[in-house]
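**Student:** Chain order of the listed sequences is A and B. Note that the numbering used here gives residue 293 to position 293 of the first sequence, counting from 1, and the numbers run on in steps of one. Note that the numbering used here gives residue 57 to position 57 of the second sequence, counting from 1, and the numbers run on in steps of one.
Treat the hints as calculated values from the structure; they're not laboratory data. Heads up, some of the hints might be wrong.
Chain copies aren't distinguished; within one or between two, either way the pair holds.
[Said to hold, decoys possible] Computed cross-link-like contacts, SDA-like style, restricted to lysine to any residue with a CA-CA straight-line distance of at most 25 Å:
1. K317 - V256
2. K69 - D296
3. K226 - R316
4. K317 - G203
Protein chains: 2
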Amino acid sequence: MASLSLQHHTNYFLSRALPTRPMPRPTFSVRMSLQETGPSIAVVGVTGAVGQEFLSVLSDRDFPYRSIKMLASKRSAGRRLTFEDNEYIVEELTPESFAGVDIALFSAGGSISKEFGPIAVQQGTIVVDNSSAFRMDEKVPLVIPEVNPEAMENIKVGNGKGALIANPNCSTIICLMAATPLHKRAKVLRMVVSTYQAASGAGAAAMDELELQTREVLEGRSPTCKIFKQQYAFNIFSHNASILPNGYNEEEMKMVNETRKIWNDKDVKVTATCIRVPVMRAHAESVNLQFETPLDEDTARDILRNAPGVVVIDDRKSNHFPTPLEVSNKDDVAVGRIRQDLSLDGNHGLDIFVCGDQIRKGAALNAIQIAEMLL
Amino acid sequence: MASLSLQHHTNYFLSRALPTRPMPRPTFSVRMSLQETGPSIAVVGVTGAVGQEFLSVLSDRDFPYRSIKMLASKRSAGRRLTFEDNEYIVEELTPESFAGVDIALFSAGGSISKEFGPIAVQQGTIVVDNSSAFRMDEKVPLVIPEVNPEAMENIKVGNGKGALIANPNCSTIICLMAATPLHKRAKVLRMVVSTYQAASGAGAAAMDELELQTREVLEGRSPTCKIFKQQYAFNIFSHNASILPNGYNEEEMKMVNETRKIWNDKDVKVTATCIRVPVMRAHAESVNLQFETPLDEDTARDILRNAPGVVVIDDRKSNHFPTPLEVSNKDDVAVGRIRQDLSLDGNHGLDIFVCGDQIRKGAALNAIQIAEMLL
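Okay, chain A solo, but in the shape it has when bound (with noise of 0.2 Å):
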């Protein structure tokens, strides 16, 4: 059902192209159904939403490996799955599930993250994990490959060491895809950022209750509320992750502590107030930069332009500008409305409005990059 209606969306939601630079990636010269060489994989909740989106970075990627387990909750487990012409059937995560894996990438939530992280460590594995659980441990690093690759340049395939690596947060990657070659610049003394985050961030059944929603109400119907207590549909709301003592929701928490720990950098000021839109699978944000070295709107659009993974659309005379629906199933963020902040005298702020594939630079891609990284 899940990746049914994933491909349904990817089928109807993208409506335009996106001009992209190919990403850098290892080359082979023989590419073989099943790989001879390469690293024993595993994916942990293959049958979610990004782990369907892992199955088809990999491919795309044309990530080497030895061989790939398909690795999912009693529930979902005997279920066959078809990938690069082979037929794997869907293995129960258990302790034992990664006897010989050399990578394994986690997207099954915390709990399941904190349970099987460590036991996968223990015999070796490294895990690239996609969830909140060890993001914030000063011993894992917390990695965006084109920010802070040095984060992880210990850890590697081949030396029989287990180790964990962190995915940020989706809504951190695609605001510090951008940000951060502004931050290198002119460095970024505080940012405010607020979000239009789409569906996909709960799940492929979020993204199937947005529609089935959607449907109803045009039909005159009750929307049927089960992942989001309210409605979703012609509708936006603040973020359903629990609120902190703060007044923060955990989502902006993960805003402002990632981006501090993902620069190195325990003074920067971050706010951020993150929402809900009724979009599929495409994060937008706002952001504003304060700046301590005047930055000037050219050099900023110089910089992006020449940043790795990012594509600027920023075109003022016909309104084009980044959207979710244009970045949709896209590796690059987008980045576009790049203007010096009037609220902000000699040239020390600019805003910027930022776009990026929740599933795929939000999370698959962002984790494939670093398996490649491993290699």
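We have chain A; now place chain B onto it with these hints.
**Tutor:** Showing chain B alone in chain A's frame:
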């Protein structure tokens, strides 16, 4: 078509009750279907989304009138309209339309206001104009009745003198309804706003297009793009207003400039990023406020609870905050997510999230509150 569709949205899209307090209004001991006392009024652009809402608000608030003229373009002239049990024929707007009219409510676009506003004023009519035509004219008061009623204190019906009064932009009204009470206490130095704007801001046809596109996309067809040049269903995009040389669009600069005029504070720093979201008729705004004087969140919440025309929805435990759906067809602007901004020290900042009905408080209601102050 338009009013049918609006009605239809009203029925579909309002699912929960919003706690409201009655707005202050004039009271009359006898209510007649066609009043013998009160001003003679005219509604210009009566067939549009805001024009229809003018009628609805006039009726809801028992606005007294001696007579009412229904004015629109030649194209709509001759259409029949039932209002408060009387039937009217829509008349073509001409220079002669304003003879004997005390108050004219304009919402027919800037060029109509520019052409016919001064003609009406010359004939002794007080024009309350919903367009942007005169907002930044130094001689024209720009008024939110709860915020700056003093700006129009010398203008009254009955002395035979015409005048222009401008209704602010919808996004400005909704933002300032919440920001002003805090500004009055702690002085806002800088405001960073990101909007989540509904279809209604582009008129009834845009609402229809959003609905049509959504049906088309769900049926696997290409979306009809007439009002907007890109897909709106399941997508968001930078506001369609023209981009100015400084990179801001006109909608954003309205927020910057109108805030300064309404607050009578040329130094207040404002930046805004205006985005359309696939919502029918209420805007949302993520507002970051930086204050001169410290203001803690509990005090801010109390101030907002006592602010006229504002309702606080800020239930952290049940994750219940304002949504566009919940304020649709409501008078009050709702504010929530009130929290101390972590990125500013010493309680010098707050983040808030505001929602308001774009057609109602963002346009028709505000104009009619202005008209009430004229009596």
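**Student:** Does each hint fit the structure? Answer for all of them.
**Tutor:** Here's how the hints hold up against the structure:
1. K317 - V256: between (35 Å within a copy, 21 Å between copies)
2. K69 - D296: neither (49 Å within a copy, 53 Å between copies)
3. K226 - R316: between (41 Å within a copy, 20 Å between copies)
4. K317 - G203: between (37 Å within a copy, 23 Å between copies)
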